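Going by the numbering used here, the first residue of the sequence shown is number 140, and it counts up by one from there.
Don't read these hints as lab results, they were simulated from the structure. Just so we're clear, the structure is a prediction, and the values are computed from it rather than from any experiment. Each residue gets a CB set at the ideal place from its N, CA and C atoms; glycine is no exception. Certain hints may be false.
Restraint-style ranges between C-beta atoms, simulated for each label pair [unchecked claim]: (1) T189 - R210: 16 to 26 Å; (2) L214 - G184: 28 to 38 Å; (3) L162 - G184: 25 to 35 Å; (4) T217 - A171: 14 to 24 Å; (5) A213 - E190: 24 to 34 Å; (6) L162 - K182: 11 to 21 Å; (7) E170 - T217: 29 to 39 Å; (8) K166 - T217: 26 to 36 Å; (9) E212 - E177: 30 to 40 Å.
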Amino acid sequence: MRARGELPGAPATRVAIATLPPLDRGKQVMEALADYVERAALKSGDRLPTERELMAALSVGRSTIREAMGRFEALGVT
Numbered sequence: 140m141r142a143r144g145e146l147p148g149a150p151a152t153r154v155a156i157a158t159l160p161p162l163d164r165g166k167q168v169m170e171a172l173a174d175y176v177e178r179a180a181l182k183s184g185d186r187l188p189t190e191r192e193l194m195a196a197l198s199v200g201r202s203t204i205r206e207a208m209g210r211f212e213a214l215g216v217t
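Model the full structure from these sequences, guided by the hints.
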């Protein structure tokens, strides 16, 4: 039986690979939005693009956009 993270092969040629964590898309979207706010020089009260526009621009689903927005809210950014 293979150990987790090991590729199949003869015992002498077995190669172990690190298990990579999944990409944190919510964090990536947060960073992209923070960059957008900075580049667009948005001020308090200015509107962000709609969820649908963000989904298309960032190639992510609605749940990822909502996760990023929830993280901003948790940090007190509204």
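We went through each hint and held it up to the structure:
1. T189 - R210: 16 to 26 Å: Once the Cβ atoms are compared, 19 Å apart, the range 16 to 26 Å for R210 and T189 holds.
2. L214 - G184: 28 to 38 Å: violated, 18 Å
3. L162 - G184: 25 to 35 Å: Holds, since L162 and G184 (Cβ atoms, about 32 Å apart) stay within the stated range.
4. T217 - A171: 14 to 24 Å: With a Cβ separation near 18 Å, T217 and A171 satisfy 14 to 24 Å, so the hint holds.
5. A213 - E190: 24 to 34 Å: violated, 18 Å
6. L162 - K182: 11 to 21 Å: violated, 31 Å
7. E170 - T217: 29 to 39 Å: Since the Cβ atoms of E170 and T217 sit about 18 Å apart, the hinted range of 29 to 39 Å is violated.
8. K166 - T217: 26 to 36 Å: violated, 19 Å
9. E212 - E177: 30 to 40 Å: With a Cβ separation near 19 Å, E212 and E177 fall outside 30 to 40 Å, so the hint is violated.
Hints 2, 5, 6, 7, 8 and 9, counting from the list given before, are not met by this structure.
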